[in-house]
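Undergrad: Below, each chain spelled out in residue letters.
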Amino acid sequence: MEILKTYKIYIGGSFPRTESGRYYPLKSSRGETIANLCLSSRKDVRNAVVAARKAFGTWSEKTAFNRGQILYRIAEILEGRKGQFFEELIKQGIGRKAAEKEVQASIDCLVYYAGWADKYVAVASSVNPVSSNHFNFSTLEPMGVVGIIAPQESSLLGLVSMLIPALCGGNTAIVLASENLPLCAVTFAEVLHASDVPGGVVNLLTGSIHETAPVLAAHMDVNALVSEDIGELGKSLSIACVDNLKRYIQYSSGITQGLQEIIELQEVKTTWHPIEKIGGATSTY
Amino acid sequence: MAKKKESPQGTEWNYSPSPESTTHVKLEKRYALFINNEWVAPSSKAYFPTLNPANETVISEIAWANDKDVDKAVRAARKAYQEVWSKLSGAERGKYLFRIARMMQEKSRELAVIESMDCGKPIRESRDIDIPLACNHFFYYAGWADKLEYAFPTKNPKPLGVAGQIIPWNFPLLMAAWKIAPALAAGNTVVLKPAETTSLTALKLAEIIKESGLPPGVVNIVTGHGDTGAAIVNHPDIDKIAFTGSTNVGKIIQRSVAGTHKKTTLELGGKSANIIFDDAPIDQAVEGIVNGIFFNQGHVCCAGSRLFVQENVAEEVIRKLKHRMESLYVGDPLDKNTDIGAINSKEQLDTINRYIKIGIEEGAEIHQSQCAIPSQGFFCRPTLFIGVSQSHTIAQEEIFGPVLSIQTFRTVDEVIQKANNTPYGLAAGVWTDKGSRIFNLTTQLKAGVVWANTYNKFDPVSPFGGYKESGFGREGGLHGLGAYLKLS
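Same order as they appear, the protein sequences are chains X and C. Taking our numbering, I'd label the letters of the first sequence as residues 598 to 882. Taking our numbering, I'd label the letters of the second sequence as residues 418 to 905.
With the rest of the complex left out, here is chain C (with noise of 0.2 Å):
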């Protein structure tokens, strides 16, 4: 089927299908535990099938763990901890991270493609953005392993331990690097649970792992739905949890941890504001509120969905984000043409869908684009509301998905009051010609990441993380390894 896709003016181009090939990809019928670099069958015997929610056919099936397998898992992770991993040197450790990501880089395009097929992200954010950014994440941290005394002058940096750590869909492989990479730099050894619907690349990512010659035990990856995340938040012997998903199960995580002697970061959900001022390059400003909300369906912790206009160049900028919006195809993950893929479960799609309608019954004005979306699979169209006030549930709560609530201001102080008053604190972007306003707004916004001029931009380097319920600790950058170390 032959795509259509409006120019900027307004001739229709026709665009052929241009699917990334599947046949290079190796995947298994079914899949273990990954304990001990060794391919471990669940005690439980329970698997459950993983889906492409672009097409709702099954890809594999997963093992289910449970109590006695993440036992399994977390005891091999002290073993490997206290007999091989602290006592390397950092340099030895370094060596292997670096390997990894070196293995992960000769088979980006294999990742890539079981990211779409498992997530239902596009290729092209697969390809360009999520396995380059994970094995990036690697490398960055490979060379910290033996520098962590420059890191904390003084503080005798010291590793925690078994590190359990529980990740979500939305950016499967790059979370588990966001994860393991700074854990092991540190001198760690891991306990990884990937969220039930992706679990295939971390399971590759094991099998990579395994190649490296990675010690056994030190990074152990266990599958599974919410009770297997909980019997590792759970465990006794595990000292630090790491966890990035909902705030909602972050608080229960940080409950159960109470009064341990357990370590957390959570980096949790966000309602970020995006803040257009009228001096803005109005069209570049477009682009970045459609990578702001758009991008990974909307399924991204820092999604730009709180838009802010200033009021005069607010009529201008919605109808140029409504004609941007009519040539977002939505469709195949694994076309390189797509730019919106599948919403990653019919739970989620369910979750947006309740809503859009919660918007619209609220008295929000809606405006979805107009094209077609596949007849099979989970999929939704870009949407945005306008006429949103801060009072509607569309401006206060995190929806997940490719729904942006629109509203305006007259001055600076007036959106910087509305852009804080928020539970969350994840991030921002501010989009203005004038860098001493970028700077204002940079430092008056509670948000853990700042953008100005631009959107939804990451880099290994970059700490991220959240102020108030958004969560606490960073990941990434020379930040990011304090929370894997032990200062003294």
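Chain X on its own, in the form it takes in the complex (with noise of 0.2 Å):
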């Protein structure tokens, strides 16, 4: 007999089923129910941002180098798992071929970002020629804790694709999985947890976004909110966000890559530096 899986949340590094102890049922095309899925509440949103909130200090001091050697670890994990990730999209109603392309693509983003992890501030900072003595330069920080509403239509590549620059670029984050395609979003988050990805870097919620977004919108220690176009809601959600200036990023795709997912996540921070100029020394030699 089959050993069926428990699909829960993740927040703060464990796997703890809803406080509100509901559930909702997912189904397969032909009407059979998959799994039961936690119907995440708002306690569970606040709690994740607490979980977020505090792994912040760790990832975002975490040397360039090392977290893109942990974005390859990812990708090494989820390569291993493969398997398991077709089975998922399968049963969540698409082709086999589909379904490897699909792990294939997430797989390839996350070597994508890896490799950007120790660049982009490079790329994107600048030293500014003042006219005063002063080593003036800008450089990048980022944002904070951040909320990802996964994209609805894509169950790995979709998450994969928002995610992955947001802790590139140090942010920890709190992620709403796809409402009806939610088992990879799961099943990832037990492939961060052997990543060597900190606890509390990504805390992943399932259920239903209409309820747990605009909590996360509107909660005053979130930094910033990703989206794709999600028409009404998101104007919500943008009105919400106001409080506290959340910045809210929302993508026309879902799916997209590139060094502007990186740097749409990150604050622009200008140093003025005192240079000492004593005496009359200068270097016409």
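Bear in mind the hints are in silico, worked out from the structure with no lab data behind them. These figures come from a predicted structure and were not determined experimentally. Wrong hints could be hidden among the right ones.
As the list claims (entries may be wrong) - Straight-line C-alpha distance at most 27 Å; calculated DSS-like pairs for lysine-lysine:
#	chain 1	residue 1	chain 2	residue 2
1	C	K446	X	K832
2	X	K832	C	K680
3	C	K446	C	K462
4	X	K874	C	K737
5	C	K737	C	K774
6	C	K737	X	K716
7	C	K504	C	K680
8	X	K688	X	K698
9	C	K737	C	K835
10	C	K504	X	K659
11	X	K832	C	K575
Said to hold, decoys possible - Residues from chain C that keep clear of chain X, each with C-beta distances beyond 12 Å, as calculated:
#	residue
12	K512
13	E613
14	I699
15	L745
16	Y746
17	T810
Stated by the list, open to error - To spell it out: a stretch of chain X is covered by chain C in this simulated footprint if at least three of its residues, at any positions, have a beta carbon under 8 Å from a beta carbon of chain C; those stretches are:
#	segment
18	680 to 692
19	717 to 731
Beta carbons are placed, not taken as given, at the ideal position from N, Cα and C, and that holds for glycine.
Join the two chains into one complex using the hints; note that each chain is given alone, in its own frame.
TA: Below you can see the structure in the form of structure tokens.
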């Protein structure tokens, strides 16, 4: 007899069930129940934010090199568990070819950002020649805690495309998984858990985004929110974001990849450092 | 009236008044709206007076634009964008900006005098800081106009369209330059609204723009109050809103544009920390504290309004600071000896006085300089509060005046926590002789600009803007261009 998997949520490096005890059944195209998923609550969102904030220091202060190594490690572990993702993607209704393509693209996406981790700062920073005796430079810093509403029509690749640039840039995240395609999200959390990603850096909730996203958007300790174009819900979220001037990045397509996706979740910091100028020594030799 | 200034040696120095001449200044009795390079009477037929806050006399009358006027300006900007400005090469756009920068330089003394008359800031600051920086901003962005692809390689940068820009009263011409120059360099056209109490230099800039031959409609200047600003924010044919002002208004704007295609940059309030370590050059730090909070009467979004002094030097720093405050001149903004000019408006003076009252009521110890202040006009003595804690209102809210709250600390970790414990994140200052400590602090402080052993320094090449509730987007430098471009 087959051992069925219990799909749970992921908060602060452990896999609890929702504190609310609620669930929703995920049905196959033939109407059979595939699994019962956690219907996460407001309180789960708040717990996830606390975990993400707590993890922010550790993650953002890791060396860029080390973050790159960890992202690459995620790719390695995902590669090793491909089969599990194929099966889940197929269970959720797509063909084997498409499933293989999606998993491969997700692995490639991880490798892509693993390579960016110690380069994007160099590309997007500047040294600014001010008219005074100062060394003035502008560099990038992660925004902090980022809420991610994963694309609804993609179980794995959408989530990976939106989450990994945030992590690459040193942010920590709360991910709201696709409501109707949640299986790979939970299994991907297990991959993260096995990949040296410290607990709390990624927190993942399943359930109704109409219920959880507004809580995330209004939360005063979340610095930014990312989603695809989600129409009217997006508009109400962008209003909720105003209370703490959360940055809300809405992509027209959920699956994009590039430098800009990292930079959108960075703040530019400019530093003026004094230069000592004593005497009249010049460099006219 | 001779002014008294105490020397560091304790003797008194007397300065004769040294007012800047106003005879070369050309001002109209009444200003219309600047749309399509023409002066257009407002359809509302309404005008409002603009005062000299140092003597409460009316300098001129300013048109009050309504929805219809704003619509006219947006149409002009859209037409100019589609038919002229977006078709011009970057090099040609740059030439216009260079020309405007030069003409501003030619008229810089006139602009400085008008700025001080209309805004209340000391002539020394408008002459040496505001106006040169405004000119330099045009000069700087002029050079970017034909080099945008170097700023954003592989991103095919394109202009956004029509930018609606709303600016504050604390650095009127400088803020106009911060907004207009990058917008035009990137290929956008502009509808700009100056603050209601300080429209004059923007209108003088309009004259320069007309004289420069900039194609009609590329820059439109509509004056008015909050309703005029709201008409810009809510106009459906505007692609970008750039706002500098209070966090409250910034939030109203952000709510209004939610769900629209409009991009925003918001440059909002602050409660910036200025941190003095015990190894800092104390005399230099005291000058930095003074510059941090009393520059421009404290009407500075990034003012160093929360001072953190390491405990073992607190007594010395506060003693020297009090002594230095006594030698600050508060008075006629046009007098070249003046350090602190007039508060911009009666309304702002009331706000500052309300906060001073709250500070006293909440139990902080107040100290104000003993200087004489003019009987007419809006003035406020340099003020500091000692024994302030994080829970005090004056340590949390932006006062936007010459009021400093002082706290002490023992360790680096403690001061980082205290400094970051605010919803704002615009700027910070760090004073220490140790370079490695500077970089530790500058990486830990959640602020968009960090000054080490200096404060309130600005430069066109240096990006400026905040974290958290101090807003988003940057102005100045390479990063300031991004706010006005579509990247693909």
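Undergrad: All the hints need checking, so say for each whether the structure fits it.
TA: Hint-by-hint comparison with the structure:
no.: 1; hint: C:K446 with X:K832; result: 46 Å, violated
no.: 2; hint: X:K832 with C:K680; result: 14 Å, holds
no.: 3; hint: C:K446 with C:K462; result: 15 Å, holds
no.: 4; hint: X:K874 with C:K737; result: 26 Å, holds
no.: 5; hint: C:K737 with C:K774; result: 25 Å, holds
no.: 6; hint: C:K737 with X:K716; result: 46 Å, violated
no.: 7; hint: C:K504 with C:K680; result: 22 Å, holds
no.: 8; hint: X:K688 with X:K698; result: 16 Å, holds
no.: 9; hint: C:K737 with C:K835; result: 24 Å, holds
no.: 10; hint: C:K504 with X:K659; result: 47 Å, violated
no.: 11; hint: X:K832 with C:K575; result: 25 Å, holds
no.: 12; hint: K512; result: 23 Å, holds
no.: 13; hint: E613; result: 24 Å, holds
no.: 14; hint: I699; result: 16 Å, holds
no.: 15; hint: L745; result: 23 Å, holds
no.: 16; hint: Y746; result: 25 Å, holds
no.: 17; hint: T810; result: 19 Å, holds
no.: 18; hint: 680 to 692; result: violated (count 0)
no.: 19; hint: 717 to 731; result: holds (count 7)
In summary, the numbered hints that this structure violates are 1, 6, 10 and 18.
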